[in-house]
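Q: All chains should be built: construct the whole structure from the sequences, respecting the hints.
Protein chains in written order, with our numbering: chain A, 135 to 400; chain B, 135 to 400; chain C, 135 to 400; chain D, 135 to 400.
The hints are simulated quantities; they were obtained by calculation from the structure and are not laboratory data.
Keep in mind that the hints are not guaranteed to be accurate.
Residues from chain C shown here face chain B by an in silico Cβ test under 8 Å; the list is partial [said to hold, decoys possible]:
| no. | residue |
| --- | --- |
| 1 | Ser182 |
| 2 | Ser184 |
| 3 | Leu187 |
| 4 | Arg209 |
| 5 | His234 |
| 6 | Pro240 |
| 7 | Ala244 |
| 8 | Val246 |
| 9 | Thr274 |
| 10 | Asn275 |
| 11 | Leu276 |
| 12 | His302 |
| 13 | His332 |
| 14 | Gly335 |
Every value quoted in this text rests on a predicted model; they were computed, and no experiment measured them.
Idealized CB from N, CA, C, for every residue including glycine.
There are 4 protein chains.
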Amino acid sequence: MPKESLDDLRYELALASRILAHEGVLDAFGHVSLRHPADPGRYFLPRSRSPELVEPADVLEYTLDSEPVKAPAERQFAERVIHGCIYEARPDVMAVCHHHAAAVMPFAIAGVPIVPVFHLGAAGGEDMPFWDQRDEFGDTNLLVVKPEEGRSLAQALGSHPAVLMNRHGATVVGRDIREMVSRAIFMCQNTQYQLQAHLLGKVVPLSSGETKLAGTINSMPTVTGRTWEYWTMRLDRAGMLPKGRVGSRKPPKPVARPVKAKRKRS
Amino acid sequence: MPKESLDDLRYELALASRILAHEGVLDAFGHVSLRHPADPGRYFLPRSRSPELVEPADVLEYTLDSEPVKAPAERQFAERVIHGCIYEARPDVMAVCHHHAAAVMPFAIAGVPIVPVFHLGAAGGEDMPFWDQRDEFGDTNLLVVKPEEGRSLAQALGSHPAVLMNRHGATVVGRDIREMVSRAIFMCQNTQYQLQAHLLGKVVPLSSGETKLAGTINSMPTVTGRTWEYWTMRLDRAGMLPKGRVGSRKPPKPVARPVKAKRKRS
Amino acid sequence: MPKESLDDLRYELALASRILAHEGVLDAFGHVSLRHPADPGRYFLPRSRSPELVEPADVLEYTLDSEPVKAPAERQFAERVIHGCIYEARPDVMAVCHHHAAAVMPFAIAGVPIVPVFHLGAAGGEDMPFWDQRDEFGDTNLLVVKPEEGRSLAQALGSHPAVLMNRHGATVVGRDIREMVSRAIFMCQNTQYQLQAHLLGKVVPLSSGETKLAGTINSMPTVTGRTWEYWTMRLDRAGMLPKGRVGSRKPPKPVARPVKAKRKRS
Amino acid sequence: MPKESLDDLRYELALASRILAHEGVLDAFGHVSLRHPADPGRYFLPRSRSPELVEPADVLEYTLDSEPVKAPAERQFAERVIHGCIYEARPDVMAVCHHHAAAVMPFAIAGVPIVPVFHLGAAGGEDMPFWDQRDEFGDTNLLVVKPEEGRSLAQALGSHPAVLMNRHGATVVGRDIREMVSRAIFMCQNTQYQLQAHLLGKVVPLSSGETKLAGTINSMPTVTGRTWEYWTMRLDRAGMLPKGRVGSRKPPKPVARPVKAKRKRS
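A: Written out as structure tokens, the structure is:
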């Protein structure tokens, strides 16, 4: 795989981290990873740093047992097993985000299931599983750091697009980075609307059929390309775009130049 | 109709799209259209693009069956039948906005009627109809793309200023672009206040008489002109005004130069 | 009274309008007035314009029957009788603000009394009266435009610091502009906290004694001077200060130069 | 202790004040102090000023009975006994913040206990005490200004990380400034999530063991260093960093140069 494509991928990963921070999914914490497009046994994850600050040069490469390919000088994310274990268990997944978004926390605390309540919320699927670290591991500091904790979480995720983690947050996956980013953002909107509909007295979710049909249309590149342009422009307007590709200062046009991996799949 | 007037109209449409995005009615999705002021059988709608990014040059012209007058190179909005079918059914309507504003979503999900709870909320009328796509079309992806879906929605709208779309959003109309923009923004405020009054224990709506009287005063050009100045200045301060008219970079003064159509009516 | 002092006063009034807009009390609508410091039979009110846009040059002078001293070229506020009638009825009042702040609307709609729930909320007094225009005037467009409507509102206000207007908004008064601005802003915070405490299950208000003591301390110039500095700096940071005094571009230092009237009273 | 270290400390204190203001813990009111790292009988507190405006040059030095070491020309905080009395009672405490954050007010008003509902909320401890000034002192203006009021509050705080003050606010402490800042910010997030989980119907707190384990990990320098970088960058992006050290304009790099005191402890 040409070096230039990997540079694009590092830029794309920094961009996704910053978009998710700017749109309120990530804050000081949370992390985003991408599977290596040419080597399914590896993935990319930034060094330990708030996602809004991630630069392409911060991106490290890992094997699926979450060991760095090259020993880094920088601090690494303690919870990187979340990513490794999910890539191990889910060959279809190309992008993962673990977060503590304010919008989903009330559901993760109350243990109330999130259901799709509007067409864009269908991206989260019909029923979203819960994973309570306490069930299997007793009292912990709630961080997912041991391989067995990562595997347990991946098992709870199953074939779903996301899993809620009690008293902790959520983990969202996608078949490409744009699908995952869209899913994470619309899942947050969905929970806000669900909470308020609940306060109005009645939550009427999408039917199974609607969830399937709306979920399909909303993960199509025509839709995720449009939201990607929108969120990128918002980030740009806020002066928060990542620096250009490693070794360069000029950012690639994100919409016009998807990374190689995506081109192959589409 | 002189080309210059159409340029003004394209600018006005881009401006309205951006105002509605900046004030929280539109986000990555949603769209705004204007009926052709000289040809009631045509309307203007931007190409498929997030409304905050729309430029005058993005505006396309359509016949009422939602076919483009000139085949465009760009992607078109899939839901443009919403606009065509409403212009067909409602000769009084000159502007349409379809949106998924966060403020109205809880009501669209809970199926709770929106009632006017403050004088500016009267712009939404006394009782706002619901349209549930599922009733007539069964399981869909919830997008309104077929002519029969558009016609069904227009029928539910009837002679009302707005219609709520279950698990999807809302569509708002107006006799001119400023009335429609005001209506859409104040409808969002109205629902936020209604939800919170509900949480306090009691929602006391305007009487029929108050709704009629307040609705009338608030759609007068003296009022919609003042809000238009306010929202335009806010957009300007955020650095988000559209580029100037097509073929020019200098934006027309939006308040001082209403489009021809409005001049005729006032 | 020297012309320079009136220029300062016009600047102060524009500044107060913009502070209240920037802090979320005013939006496209609402207005702020000041009694003439040397002539209690007159007051100052801007021309009809969104308060965030008011400049010193927009400020007009009125008699207490709300007639302009000099016939203005510009549009005037339709609701100016609110100000005239309150200055007529309340010789102690030097500043008035009428608003539809999002924070108070749920209470104005539900008819739930606002009670002081934290020390800064004591500025609103122990019990705040309601005024329902419908009671005396039947169905109206809810605007307060007739002298008898203004007088009725002033009567409901009585000797209180503020009055809630059902399905419309609120009107707040003060013995000087800074006291009134502080009161309006903290009243909004108070209602937000009261609503959320209600959702938690229990609203425990300040006692009568606490309300009196906290209300007294919080209207002292040492406190209102500090908040004035804070809100002015926030406005400045947002690039939203009014232009300098009429005929000049250099804004007076707001904290260091209170208008003459206040100097006399302190 | 070298003068340069105290300059760093003054800068750090101004930075913490501004971070807490920018992240929504402080507003026009509230204050932050630091114990003197070389002299446990003294502490540093800014002059009376909104925390978002504090500069290093505003920082004054106090003895534990809250008397200024040098009589200042500027106004002092009336509530400084909060700081002096807590430093007196709690030798382990190196930093104190008193605030009226919007997020905690509903709990301070309703008297509902705050419980840790997510891992980062564990920083507030398992059960947070209440202090009602009325209990011991009857009707007051709710300001904590007398030494006996300060001592009573410190007693209620006991060995806890924070104390809620009924109808007033909260006071948070830490073993260093970064721990205290993290604790204050995450305590606000915790209450917001707790309120919303309550609205969803069920609040499931962390177990005792989880609270202890998560509380420990989240006060480690690796975690508080990361959040400090994040909040500092956000402040910087907003153009709100304090001016450089006293006598200089160049701000020290906050992450790279912790004050001496912290170096010693780590």
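Q: Compare the structure with the hints numbered earlier in the document and write down the numbers of the violated ones, lowest to highest.
A: Number 14 only.
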